[in-house]
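**Q** Based on the provided sequences and hints, a complete structural model is requested.
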Amino acid sequence: MSRPRLFATLLGRADNASGSLARFAAACAFALPLLLGLASTAARADGPTLAIRAGRIMPVAPGLDWVIEDGVILIVDGRIVEVGPASSLQIPADVPVTHLPDATIMPGLVAASSNLVGPHRGEASISADYRAVDSFDLYDDYRAVLAAGVTTVHLSPGWHRLVSGQGAVVRLGGPASQRVLRDSSDLTITLGESVFNPPNLVEYLTKPSPDNAIEPAQRQRPSTRLGQYLALREAIAAATSPRAPGADFDYQAETLDRLWNAKHPLRVQAHLAQDIVGALSFLAANGRSGYLVGGFESADVANELRLSGTPLVYTIDAAFRAPGGNVGSDPDALVPDVEDLSALEGVRLALAMSDGSLGDLRLAAATARRAGLSERTIIEALTIVPAELLGVADRVGSLAPGTVADLIVLNGDPLATTTHVQRVYAGGRLAYDIDVRPEEPGARLAAERSVVVRGGTIWRGPNDWLEDGQVLIEDGRIVSVGKRVPVPAGAQLIDAGPDAFIAPGFIDAFGHLGLEGDNGALAPNLSLAPLYGVTDVMDHRVASAGVTTVVAGPYRFHGRGSRLTAVKTFRPLPRSERSEIVRDTAAVAFDVRGNDPKSIANSLKQPLDAGKKYLDTWLKYEKDLAEWEKKKAEGKLEPVEKPKTEEVAEQKVEDDPITGTWTVRATGGPMPEPVDGKVSLNLKGTQIEGRLVEPVEATEFNHKITGTLSGKKITGTVEIDAPVDLPAPPFWEGEIVEPDHIKGTAGLRGIIQVDIELRRVDKESTQFSVTRTRRKTTGEDGRPLPPPVDENLEPIRALLTNRIPALVSAGTSREIEEVLAVLADQYKIEHIVFLGAEEARLAAEKMKEKKASVVLPPEVLRAEKRQPYHQGDDLVRRGIPVAFQSNAEDGARTLPTVGLYAVNRGMSAEAVLEAMTIGAARMYRIDDRVGSIEPGKDGDLVIFTGHPFDAASRIERVIISGEEVR
Amino acid sequence: MKPMFRGLLGAAIVAAGILSAPARPARAAEPPAKIALTGARVIPVAGPDLEGATILIEHGRITAVGADAKIPFDAMEIDCTGKVIMPGLIEPQSWRGLDVPNETLPVAPFLDVADAMDPSRLYFEDALRDGITTIHVIQADSTVIGGLSRAVRPIGLTPDEMAVAAGLALKMSISPRGGYDRMQQMATFRETFRELDEYTETIAEQKYEESLSKENKKVDVGPAEARQRGRKLLTDADHDDQHRNLMRLKRGDLIAWINVGSAMDVAPAVQLATEHGFFEKTVFALGSDTFKAIGELKKAGRPVILPEDLFHRERDSVTGEIRETFIPAKIHEAGLMFALQPNPNSSMAERYLTYQAALCVRHGIPRQTALEAITLNAAKMMGLGDRLGSIEAGKVANLTIYNGDPLDFNSWVEQVYIDGILAYDRSDDPRLEELLRLEGVAKEADEAKRQAAEEAKKESAPADGQNAEPKPTEESKPAESTSPAENARPRRGGGGGR
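Quick note, the sequences are listed as chains A and B, same order.
Residue 93 in my numbering sits at position 93 of the first sequence, and the numbers go up by one each step.
Residue 88 in my numbering sits at position 88 of the second sequence, and the numbers go up by one each step.
I should point out that these hints are in silico values taken from the structure, not numbers from a laboratory.
Every residue gets a Cβ at the ideal spot worked out from N, C-alpha and C, and that includes glycine.
Everything hinted at is true.
Covered by chain B, per the in silico footprint, the following chain A stretches (three or more residues, Cβ under 8 Å):
no., segment
1, 115-124
2, 127-136
3, 140-147
Computed Cβ-Cβ distance ranges for the label pairs, DEER-style:
no., chain 1, residue 1, chain 2, residue 2, range
4, B, Arg362, A, Arg783, 56 to 62 Å
5, A, Ala217, B, Lys218, 40 to 46 Å
6, B, Thr104, A, Arg219, 20 to 26 Å
7, A, Leu201, B, Glu161, 40 to 46 Å
8, A, Leu201, B, Ser120, 39 to 45 Å
From the derived model, a few chain A residues whose C-beta atoms are all more than 12 Å from chain B:
no., residue
9, Pro48
10, Ala529
11, Arg966
**A** Written out as structure tokens, the structure is:
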């Protein structure tokens, strides 16, 4: 066909373009009930009823907003009933609501071309009866494709034959019976090199005979570009004309005839400009409408396309997973030109992949923006347009009411590179969930749960603001902070918006969270850590206020010092090694308030000296160990002598109520049944000495039974060289009820008590000497063993080695100075924090010198000469670090308002923020875990609408250890 | 003299036949007119188990079953006390009696398995030894429309002698044959049946013309009416080979034996059978994952043959978790009639029908259902339910006699009666005897090898110490003396005759 004639034809049809489309749609609608047995069953979607509320909904439906912020989709029986903003849409009370505040929801993508089935292996060049739906496995698991967001696909019988058969449209989720949308959606015609030179047809005869000869293989068209139109025209002519009498029955021709007469939709696949033009003229010449698929060179014939009104499924040629192969010097090799797709303006456009793959469709489509397509065009080209072309727009391709609830949940903008599909709903049922991960630990994808927080400003530390930044939290810890961080596929994306201010979680520098009013002093061997189980309502209240860490201590401090514990205010069930106790012992606290300043030194010295002595044993051990290791390395170790015990048999003593061997039976107490043993006792004056002979196991420990006989009563103790420290001293007591018979009790004083009964079996005396070995100080190989741990003195040891600070509650300047003199000068303690320190300004010079810091009293406003001043402001100006305390349990929730007031009273907002976060963390030396937004620290973030200490700022969200708690 | 001579000659020829295939205990002679098997526990399958019952066989048919059955004075009485008698097992489908599993032509309904059956295949002998008395020989799955099947006994020297019922079922496969894809497979079905219609109309019209021309009349009606009239006149002989059996299938004369290899094949199979009118005569042979379409199978309600491996194992594509499904449980839950087949590919016990049934029982399927699945159900599917598959008066005397409960793996087949003839007797099974003897020899060889190795070890072990003085005589003696005694014991019974 010559060009001018073609254009004339096209122009003639251009006027009628919309009309032809309408007819096309009508043909689809008409063909539907006739041809699709299964479609009618698919139409009866029988799914769940639910509502999904999401941050953004993109319905891609005519008559609905392009984007609905904070919208709701109401799904009844698996079908969408209503879509609208959460503020105006009424959800019936009995409908369960799934709330996905960070999600973007859009219709499932419709892939208008796929390689899911086919090509078939039939050899006929014109083979209308091959139906792609026959090869579709209804029961297969398509989660791998759903994960890419594709919920509806066109199945193609192939690109390898001139007429390769009938396509189909199917859903990839939902029950098998509802998966086929159209079992015959089109008659597929392909133009171009791929259909040239089909194989020769051989007819196999079942009974060859002289009358029934084997015919030579029959050659088929086309082998040239011209031949393809000839073959098509021939086939259509043959099919549509009545069969000649005597001619063989031709089933393929009959099928073609049926489809052609029924005006079955035509799908013409072509890439090169000449084939596209040829296709358009073929359609025009036959008075048919249809759509084109392929179109690598469509931009070159954009005008013809536009004029014909023929829609195009443009297939993107993109190699994401591996670079494409070489095309070499072949000048005819296809080089898709995506640079000027903007030329296709006005052509109804759908997008698919040229190789029919589905996994990267959304990413490939996103790149089409380079070629000049608008975001809206691209999204429509992946949803509503292909749905309309395939004749299934009444059921899929948009979130319009009445469609099947096939929708995808994304964690960001649909065309952003870092966006991933989080969930897929098919007919309202969850068909894919990114959180369902492999169970084998080796096969785990990204970390447990990744969270990416984006915001206008990220406060990394004092005066270190990151504009338009992102934070990646994995497994509860900050992994990366920067302008653009990695976004793992399963990540939850929290977009706080350009105005948001993201600060680290606040630290309450002294509070009593979890004590529930118990105001007893806490001995130094006890930590508060066991109090903190799973988060309760009070914790949650504090956490919601942005206070993510509390340094908790008792209301009153023990004379020997009390422990403070740093704890998170949100503690999920333990999942990993990470503990929500930031520090079991964050500080050791003393109280010197109200004491005679002269006695302060004494009261502090007592525990500190004990601690010092304890520390020395450790230092000695460390020194010995170092020496031993040095010797060992040099090979100079001396052999170790083992302690010996001796036993000497002795002569017999007569008329002695005690001396001899006794059987002993212990009953009662915690013992389920009596235990028998034997003891050997000696009497010297009134003193009894002895040892256990049986049971043998018990004699393995070095022990000695001692006692005093007064009249018939015996009281005594047992010395045992036990491998563990006994909680109470062992004792025994009894009475000689008759000769050779003692009844009494034994046990651990105040803990266990059992009844014992002894009977003498002989009067032989056994002399023995017991070598009481002290607790072993060396191991088997002579290695020095560590001294026993004294929990009472451990905090002091940590303090003296400057691992933790001393928190001293002091008020007056005299107290402060005295404390500094003792702790800093005498004991060389480097980290001193004063609690309250109301008169700190008077001792400021000394405090600055000793690098002491102050936890401000709850009442921060002080007055001097009736002139009010804010202590925090005052101390910061004087160069003394400060932190804020709640001195309360869930009262810690008001800490941010205390900060606001500090700003009001002259402190800089930045200084307050520092005092609330990294300042407090440094004070307690917990800045390795909390206090700022840096890699390695806990993922504790508070998202404000502005600077935290602007009066107008509101807390939007609180994230603790990567989990959203508000 | 002459007839007698001829009779002797005949007997000699029969004897020679038997001798030439000595391994197979073939039908020796006409059965005794009346046999009474007494004292056994009888599992009739058709009803509750009977203790100490008598089965009376007259001319190859069962005439009475029960404890109170009267034994005619002229019956040959066989004491079966302590034995368990079951209906002969039925293998619901097998190509293993054929020389090759499949034909190369995709559509070959004119074929009959009888032409490719080889009665001398060891498979038949093994089947008999395993207690199988009826085998449905049918071609394998690599086909679109295959040939006719045949139910046979595992005895006899020719396919016709073996036949129980010829031309039973027509094989079809929805799952694509080798080298085909599903689109081609289904297109071939559509084309074949469409072409059949076309062909029938053509010959119907011709037939009508012919019938009129016999009376010297001309066709007086339109072609449609002529076809309509002609179709009524058509007989099997009017069809050519390619179409005859398809026509019989559509008429309901043949059973449609359809391979439904995967879940996605169920809907097309049902559609095909419904469209062409043979749905009521359809049996589905299932593949491993076909049970996933249990909803559609249940709705169809047709009997099914279960795959050889009764477990379906599948790895979850995302979590990597392996799910195992016991297929009979799903089928039984859906209330479908099913038959089990042995798994010849398994070197394990799945080779035995009784084991497959026991496996079902172990997974909660009632014993009665499991027993029916290896006997009566297959008979019903072949349309032979009135003749085979249970021990009832009137049925063919196909019996398998076990020395214990058939589902107990310690039991074995003692004797098999087919048509009232003693077709197999374990005590007269030279091949089994040889096999067990060889097994004993192998065991002895293994034991000798083990001992040699042990001795070599002992000799090398104390070489490093001072007392390396070996004491070979004392140590090896007791070992040598025990081994023959140990090996001698299991030779006969321990191997298990099955």
